[in-house]
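Engineer: What follows is the residue order along each chain.
Number of protein chains: 2
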Amino acid sequence: MKDYDSHLDGFRFSATSAGIKRADLERLDFGLIAADAPATAAAVTTTNVVVAAPVILTRERLQKGLCRAILVNSGNANACTGEQGIRDAIALTAEVSSELKEDPNLVVPLSTGVIGVPLPLERMKKRIPSLIQGLETGSAKDVAQAMLTTDTHLKMVSLKAQTSLGWIRLLGMAKGSGMIAPQMATMLAVLLIDARVEPTFLREALHSAVEKSFNSITVDGDMSTNDTVVALAGGSPQAQTLESRDRAAFSDLLTEACMDLARQIIRDGEGATKAVEIRVQGAQDTASALRIARKIAESSLVKTAIHGEDPNWGRIVSSAGAAGIAFDPNVLDLFIGEVQIVTSGTLASNDWEPAAREVMKRREYVITLDLKAGQAQGAMLTTDLSEEYVKINADYRS
Amino acid sequence: MKDYDSHLDGFRFSATSAGIKRADLERLDFGLIAADAPATAAAVTTTNVVVAAPVILTRERLQKGLCRAILVNSGNANACTGEQGIRDAIALTAEVSSELKEDPNLVVPLSTGVIGVPLPLERMKKRIPSLIQGLETGSAKDVAQAMLTTDTHLKMVSLKAQTSLGWIRLLGMAKGSGMIAPQMATMLAVLLIDARVEPTFLREALHSAVEKSFNSITVDGDMSTNDTVVALAGGSPQAQTLESRDRAAFSDLLTEACMDLARQIIRDGEGATKAVEIRVQGAQDTASALRIARKIAESSLVKTAIHGEDPNWGRIVSSAGAAGIAFDPNVLDLFIGEVQIVTSGTLASNDWEPAAREVMKRREYVITLDLKAGQAQGAMLTTDLSEEYVKINADYRS
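Residue numbers (the working numbering), protein chains in the order written: chain A, 1 to 398; chain B, 1 to 398.
Hints in this document: simulated from the structure, not taken from any laboratory. Remember, predicted model here, so these are calculated numbers, not experimental data. For every residue, glycine included, the Cβ atom is placed at its ideal position computed from N, Cα and C. Heads up, some of the hints might be wrong.
Beta-carbon label-pair distances, calculated as ranges [to be verified]:
| # | chain 1 | residue 1 | chain 2 | residue 2 | range |
| --- | --- | --- | --- | --- | --- |
| 1 | B | Ala23 | A | Arg363 | 33 to 43 Å |
| 2 | B | Glu136 | A | Ala287 | 50 to 60 Å |
| 3 | A | Lys101 | B | Val366 | 50 to 60 Å |
Whole structure, please, built from the sequences with the hints as guidance.
Structural biologist: This is the structure:
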């Protein structure tokens with residue numbers, strides 16, 4: 001159930017310009033989210049071997065499952081910055097914890113932006129007192145704005161769910177697009193919930209939600225040095241802890257929020273004009289279904305065909321075959337939207353092409369590949385590959 | 001040593017138009033290569049799960065390591081055509097073997113073109129007598145022309161090597177570009193040598209040559225249903241068999257020819273304006289080096305940066321980190337051409353950027369990533385990703 005309130009009991013927000021994106025422009029690029037008291041916390045971070053300093057610190061500090069504040073900046077990823085990067089992230093979060101009179105290990109940094117350049121530490125440090133003051137009046141929307149890089153739209157979600165404690169609320173924000181941006185470090189998301197849960201359960205619920213959402217979208221298949229999703233549950237000292245019977249409702253809420261943000265990221269993919277779900281069903285197991293779906297979703301040939309609104313089914317079947325999973329091409333079914341193109345490995349005799357072309361004119365539709373080998377399924381959400389994508393990424397710095 | 005003669009002792013050539021590409025235009029799309037006597041033969045074919053009928057037949061028929069003729073067509077891949085496709089390929093090659101008074105199992109088909117459409121069997125059958133007659137006067141160049149699809153250039157190579165039997169000669173031809181073409185089935189290559197070798201040795205030598213050449217290039221990472229490389233050694237009944245001590249010379253000749261054709265394919269990649277070698281060295285093993293090189297070579301972000309002539313080193317390091325191979329980013333070195341950008345994980349302090357930009361203006365250069373973890377290395381040749389690529393692939397059929 002949608003609820004567009006952008007305040008959440010137990011959490012406060014603040015954002016400012018620290019001149020990180022552009023020293024000469026007053027653009028929001030530095031934000032703070034503070035819980036009134038330490039909240040239950042969990043994070044899912046990048047699987048890239050090259051890990052940015054803020055990710056190293058966030059992983060370490062959230063091991064105990066508690067967090068008081070999140071300090072976020074755009075314009076600089078603090079990645080490939082070595083020991084200096086770690087020292088800078090520690091110094092900045094220490095300023096926040098000292099102002100909040102909190103354990104420094106309960107403040108985590110999130111950064112996104114240029115790789116390989118040290119943070120403008122002094123400029124950022126100077127803005128921390130005003131970030132703290134801003135918590136009195138600041139809005140979540142300003143923080144969501146401050147984490148954007150090449151995104152063209154603010155990405156927020158606000159949902160609620162009925163539990164035995166009454167309604168619980170969730171407020172989420174994300175930064176995407178940069179999944180494919182030059183030297184821009186990828187996806188960040190923050191999920192805040194006004195009820196408390198056990199840390200181990202929060203971790204499980206977040207992993208499951210991320211698997212079904214952010215890990216099931218692809219703009220160009222690249223995984224960044226900074227990808228981080230953080231969830232905080234229960235920011236108010238009075239926040240109650242959910243009972244076991246409410247765990248399903250909590251998980252569903254978290255998953256729904258992550259999927260909503262993931263769809264917003266796909267719709268705002270660089271140069272993207274389409275959001276297409278690649279659904280593989282009838283697979284022997286979920287891992288195989290997902291691997292084939294991902295291979296199709298990441299194929300440049302499929303993505304350009306989607307862009308050209310061309311029902312080029314051979315590219316879909318051929319990229320499925322390149323996933324390294326055995327299947328029998330002589331039994332499969334293929335649909336574009338509701339139009340069946342291949343039945344038991346044989347091309348539909350006629351009339352499918354104009355109908356399939358009509359489906360592909362839509363902004364969002366589903367391509368379904370049924371392997372007829374089992375009961376498992378998996379889906380990936382992808383975008384088209386446009387000339388605009390190339391333009392954005394080839395010309396960005398020059 | 002280059003030698004541009006396009007004839008080869010023991011082999012004859014013929015090509016014609018069978019109206020496969022376009023029924024209304026007289027374009028070369030049907031070719032025949034015949035040895036004067038059965039030659040030693042080997043093939044390397046696609047690893048795609050979806051395999052075209054001609055590939056199934058070629059694999060089967062070359063198991064004994066002998067081949068008399070290769071029948072090749074463009075315009076139709078005979079892929080995703082089920083039992084009908086197999087029957088058609090058998091029927092066409094049978095016409096050839098009957099004309100040549102040869103065992104039908106010694107004729108193999110190669111096809112490339114549209115997927116999922118049956119071959120125009122009758123039109124093709126009718127042209128076989130004239131293909132046979134053409135062998136008297138036909139040229140290798142016409143066959144090389146007849147196998148092209150979206151290629152903009154003929155791809156041929158002719159080399160010779162000194163052995164204890166004297167000079168041996170090789171003539172090769174390939175069809176590429178379609179590695180990335182819409183419904184066009186990928187790469188074909190034929191290597192002909194005028195000396196005989198043992199079948200098992202030919203198989204090993206071809207596998208090794210393909211690994212270092214065609215398997216080390218990427219235009220867009222997709223692998224087709226029809227990829228086939230065939231080698232025939234010794235087309236003349238008088239062809240002598242090489243001695244063991246000449247095997248290295250033979251292997252080198254085959255590898256050099258395959259690498260030459262692979263470079264021609266990369267230079268003619270759809271929309272490609274650059275051919276860049278991604279070299280990963282200092283890896284713990286060759287497989288890791290190749291996997292990281294491939295990940296970088298296939299990254300859309302790296303490929304657009306190459307197109308934009310932007311020394312965006314963060315994208316290179318980040319995509320290396322996404323290959324799933326552990327390495328220490330704090331010790332690596334990175335070079336674009338001869339310009340060192342990262343030394344032991346740290347960005348060069350200044351002046352690297354204009355110099356690196358200069359290198360990237362070249363049409364061909366090398367990007368070197370040194371992991372400093374071992375002695376192994378691997379390289380991939382890649383192209384840039386241009387707006388033109390998207391245009392070709394989005395608009396092809398419409």
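Engineer: If a hint holds in the structure, say so; if it doesn't, say that too.
Structural biologist: Evaluated hints:
1. A C-beta distance of roughly 37 Å is found between B/Ala23 and A/Arg363, which places it inside the suggested range of 33 to 43 Å.
2. In this structure, B/Glu136 and A/Ala287 meet the distance hint of 50 to 60 Å, their C-beta atoms being roughly 57 Å apart.
3. At roughly 55 Å, the beta-carbon separation of A/Lys101 and B/Val366 lies within the given 50 to 60 Å, and the hint holds.
Taken one by one, the earlier hints all hold for this structure without exception.
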